[in-house]
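*Asks:* As a plain string of letters, each chain reads:
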Amino acid sequence: KAGVTQTPRYLIKTRGQQVTLSCSPISGHRSVSWYQQTPGQGLQFLFEYFSETQRNKGNFPGRFSGRQFSNSRSEMNVSTLELGDSALYLCASSPSDRGETQYFGPGTRLLVL
Amino acid sequence: GEDVEQSLFLSVREGDSSVINCTYTDSSSTYLYWYKQEPGAGLQLLTYIFSNMDMKQDQRLTVLLNKKDKHLSLRIADTQTGDSAIYFCAESNMGRRALTFGSGTRLQVQP
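So the protein sequences, as listed, match chains E and X.
So the first sequence is numbered by our numbering: it starts at 32 and just counts up by one.
So the second sequence is numbered by our numbering: it starts at 5 and just counts up by one.
Here chain E stands alone, though its shape is the one from the complex:
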């Protein structure tokens, strides 16, 4: 089976812009989660989707949003980008509706100038 894929892999944006990142889970996986990784804060949970519904949300401002489509693909959007949003954004999918055993994609590295 193909692994979790994320596009684009690298992105450069300027402050105030918005960005959309895409994630395709492993075939058959319906749970998709997003995480932000920065040198200062480490790995932090953003949100989790299952069957097009957001089930869980981390402690991030409303500028961070996401959605999941009927084919389980997911997108996350960050509006009004700030310098501190520069990070590696990781998507993970899980075969279980309980969300354990999460398998991660290679990530999208976002640089905000």
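Among the clues, some could well be false.
[As the list claims (entries may be wrong)] Simulated crosslink set (BS3-like; lysine-lysine; CA at most 27 Å straight-line):
id, chain 1, residue 1, chain 2, residue 2
1, E, Lys32, X, Lys60
2, E, Lys44, E, Lys88
3, X, Lys40, E, Lys88
Please keep in mind that the hints were generated in silico from the structure rather than gathered at the bench.
Please build the complex by placing chain X on the supplied structure of chain E, with the hints as guidance.
*Replies:* Chain X alone, transformed into the frame defined by chain E:
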């Protein structure tokens, strides 16, 4: 809230065993994981253990769980230079589903 702690750095010689330690605070943790991250890459799930187990072995990897002390360890036997990476400990429970990660342990394997 939930917290996971790891030491930051470990250096071993090739062929030796490596032991990476982790402590966590959430007594309701159900699943405990070890992930590996190589430079510029995502997270690779190495192994995981349910909280009702105390040991799991998978080829060169041995996970030990002391639930009473909330202590998890990962032992890598016959460590190779390809094992050089950052290793993350993580936990979750059935209600929360989100993973809480430690800060990662950088393993350096010297030839």
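*Asks:* Regarding the pair Lys40/X and Lys88/E, is the alpha-carbon distance no greater than 27 Å?
*Replies:* The given pair, whose Cα atoms are some 25 Å apart, holds under the 27 Å limit.
*Asks:* Holds or violated: Lys32/E with Lys60/X, Cα cutoff 27 Å?
*Replies:* Distance of about 25 Å is within 27 Å: holds.
*Asks:* Check whether the Cα positions of Lys44/E and Lys88/E lie no farther apart than 27 Å.
*Replies:* With Cα atoms ~25 Å apart, Lys44/E and Lys88/E stay inside 27 Å; holds.
The structure fails none of the hints (numbered hints given earlier).
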